[in-house]
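Let the sequences and hints guide you as you build the complete structure.
What follows is each chain in one-letter form.
Protein chains: 2
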Amino acid sequence: MKCTICKKPAVIKLRHANLKLCPEHLVARVEKVVAETIKKFHMFTPAEKILVAVSGGKDSLALWEILRKLGYRADGAYLDLGIEGYSARSREYSEKFAAARELKLHVVAVEEELGTGIDGLVRVARGKACSLCGTVKRYLLNHVAYEGGYHVLATGHNLDDEAATLLGNVIRWEEGYLARQYPVLPGEGKLVRRAKPLVFLSEREVAAYCVISGIQYIYEECPHAVGARSIALKHVLNKLEDRYPATKLTFLRGFLKVRDRFRPREPVELRDCPICGMPTAAEGPCRFCRLKERVSHGAPA
Amino acid sequence: MKCTICKKPAVIKLRHANLKLCPEHLVARVEKVVAETIKKFHMFTPAEKILVAVSGGKDSLALWEILRKLGYRADGAYLDLGIEGYSARSREYSEKFAAARELKLHVVAVEEELGTGIDGLVRVARGKACSLCGTVKRYLLNHVAYEGGYHVLATGHNLDDEAATLLGNVIRWEEGYLARQYPVLPGEGKLVRRAKPLVFLSEREVAAYCVISGIQYIYEECPHAVGARSIALKHVLNKLEDRYPATKLTFLRGFLKVRDRFRPREPVELRDCPICGMPTAAEGPCRFCRLKERVSHGAPA
Chain G
1 MKCTICKKPA
11 VIKLRHANLK
21 LCPEHLVARV
31 EKVVAETIKK
41 FHMFTPAEKI
51 LVAVSGGKDS
61 LALWEILRKL
71 GYRADGAYLD
81 LGIEGYSARS
91 REYSEKFAAA
101 RELKLHVVAV
111 EEELGTGIDG
121 LVRVARGKAC
131 SLCGTVKRYL
141 LNHVAYEGGY
151 HVLATGHNLD
161 DEAATLLGNV
171 IRWEEGYLAR
181 QYPVLPGEGK
191 LVRRAKPLVF
201 LSEREVAAYC
211 VISGIQYIYE
221 ECPHAVGARS
231 IALKHVLNKL
241 EDRYPATKLT
251 FLRGFLKVRD
261 RFRPREPVEL
271 RDCPICGMPT
281 AAEGPCRFCR
291 LKERVSHGAP
301 A
Chain W
1 MKCTICKKPA
11 VIKLRHANLK
21 LCPEHLVARV
31 EKVVAETIKK
41 FHMFTPAEKI
51 LVAVSGGKDS
61 LALWEILRKL
71 GYRADGAYLD
81 LGIEGYSARS
91 REYSEKFAAA
101 RELKLHVVAV
111 EEELGTGIDG
121 LVRVARGKAC
131 SLCGTVKRYL
141 LNHVAYEGGY
151 HVLATGHNLD
161 DEAATLLGNV
171 IRWEEGYLAR
181 QYPVLPGEGK
191 LVRRAKPLVF
201 LSEREVAAYC
211 VISGIQYIYE
221 ECPHAVGARS
231 IALKHVLNKL
241 EDRYPATKLT
251 FLRGFLKVRD
261 RFRPREPVEL
271 RDCPICGMPT
281 AAEGPCRFCR
291 LKERVSHGAP
301 A
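Protein sequence lines, in the order shown, are assigned to chains G and W. Residue numbering for the first sequence is 1 to 301, as defined by my numbering. Residue numbering for the second sequence is 1 to 301, as defined by my numbering.
All the pointers check out, no bait thrown in.
Far from chain G, some chain W residues (derived; all Cβ distances over 12 angstroms): (1) Arg68; (2) Lys96; (3) Glu112; (4) Ala129; (5) Lys137; (6) Leu140; (7) His151; (8) Gly187; (9) Leu191; (10) Arg193; (11) Tyr219; (12) Leu270.
Mimicking BS3-like on lysine-lysine, the simulated pairs with C-alpha atoms at most 27 angstroms apart in a straight line are: (13) Lys8(G) - Lys32(G); (14) Lys32(G) - Lys69(G); (15) Lys190(G) - Lys40(G); (16) Lys239(W) - Lys239(G); (17) Lys13(G) - Lys69(G); (18) Lys69(W) - Lys13(W); (19) Lys239(W) - Lys128(G); (20) Lys239(G) - Lys128(W); (21) Lys257(G) - Lys39(G); (22) Lys2(G) - Lys32(G); (23) Lys190(W) - Lys40(W); (24) Lys257(W) - Lys257(G).
Rather than coming from a laboratory, the hints here were simulated on the basis of the structure. Backbone N, C-alpha and C fix where the C-beta goes; we use that ideal spot for every residue, glycine too.
In structure tokens:
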């Protein structure tokens with residue numbers, strides 16, 4: 001197998017892009033796709049301050065590395081989720097990455113902000129682990145970004161993540177979620193702009209990028225994700241992708257073209273949470289403050 | 001396992017409907033769902049003349065049986081597709097069904113109308129078998145319905161068919177197809193109204209209905225369908241349904257709620273085909289007449 005571009009030995013075949021690539025050209029492609037995605041969707045400029053949501057996994061560390069190489073000003077934010085047998089190790093990978101490159105990493109312990117980590121939250125609150133954790137992460141990452149004066153929060157969602165989320169939203173026709181699924185969401189008041197520069201890169205490409213670039217990352221899935229719906233959705237998309245290469249890319253690109261049709265008929269109005277002052281679409285306290293309240297009561301609510 | 005309704009022994013468990021049913025109540029449920037679907041979508045009235053597209057498979061024969069039992073005036077139309085080792089047997093099932101019930105069955109041989117059967121068409125025309133066959137069937141069934149003065153053409157598409165088609169249309173975001181995917185499509189000029197009264201019944205329910213009602217049908221899939229995309233799509237939906245019962249129903253029902261968003265911005269204008277005079281959205285001859293032209297030349301076009 002030879003590299004499509006330079007004919008040297010290739011290490012990866014990307015059927016969806018009709019490419020076979022050597023290490024050098026895989027790295028070049030990944031960085032080019034990210035640079036183009038950032039420009040095409042007006043995600044941010046080199047003058048802006050970026051906060052990368054860092055989990056210690058391949059996607060977020062690759063994203064941080066790429067932004068750095070492309071000349072963007074990016075710090076990191078690591079949330080210690082308090083997940084037994086997972087958080088300690090993922091934190092180590094994140095801190096080592098930052099230290100080796102002399103990059104600034106904010107570390108926030110969920111336990112300090114919420115009164116308990118995700119393990120504890122799952123025990124006392126109703127709802128699925130991934131959904132609860134999502135609420136906590138979105139809130140705290142936005143909080144760190146807002147307080148730190150960052151222009152934008154960048155996350156490492158890749159093509160596989162986005163396509164699976166899209167499939168889940170489409171199967172249930174979640175109009176509100178569909179309206180908000182986009183590579184960049186503008187900021188508003190205390191809600192910091194959010195961007196996903198890796199959405200057009202497959203999981204395999206990002207993993208290969210890390211291996212080639214010598215980025216050490218945590219391989220394990222979060223223990224709470226076992227049996228998660230997102231994994232089942234990824235699995236069926238992989239089945240289709242195997243038979244029909246570029247299924248995921250076609251699905252996501254096509255959606256971005258028709259997405260206008262899901263624009264909300266009435267814009268969602270945000271108000272300030274009476275407890276923490278951060279923006280919320282809810283009446284009364286925001287979801288994070290309601291979770292915190294449950295945690296302080298210590299029993300399933 | 002006991003019937004949810006009468007506690008007699010149940011023969012089928014419908015997880016998506018949270019029901020276990022004995023033969024009698026399965027039949028009752030199937031007929032009730034069809035009766036409700038017909039009314040809810042204003043498909044047709046007892047005063048109208050219905051033409052059922054009959055293939056000899058479980059769905060179309062079940063549909064014909066149910067319409068008859070519900071008191072509708074339904075004749076059948078069987079297209080002899082000219083598929084080796086398949087058409088002769090499916091025709092036999094259709095004719096026996098009609099004869100046993102003294103029902104009127106129109107039999108049309110594709111070879112007489114097109115100059116060749118589907119086997120021959122696949123050899124000379126570009127395109128996939130299922131897509132070519134779809135064009136031929138839609139054209140000829142509409143033709144039979146129009147010439148016979150029927151108010152509506154009813155087809156046996158079930159929930160599994162509709163959900164798979166929907167998934168295929170969504171994965172590629174085929175806006176035109178999404179706009180036209182609906183349980184009933186109004187007629188216009190020489191285009192006869194089309195209705196799919198079985199869209200809320202799963203394949204398993206329809207098969208069970210046939211077995212219980214003593215309806216003999218052809219089990220085999222069409223040989224051209226081997227490896228078809230629709231089968232891959234059904235397979236992944238079955239995977240999701242296994243884990244999340246009612247996935248297909250939720251997917252289809254949800255779509256019907258948001259479908260308005262896919263209404264075409266400009267209505268499609270139909271004109272008369274200069275060769276056959278039937279309606280077409282194409283410039284020049286309709287797709288059927290173009291296929292016929294290719295067949296008459298006898299070589300791939």
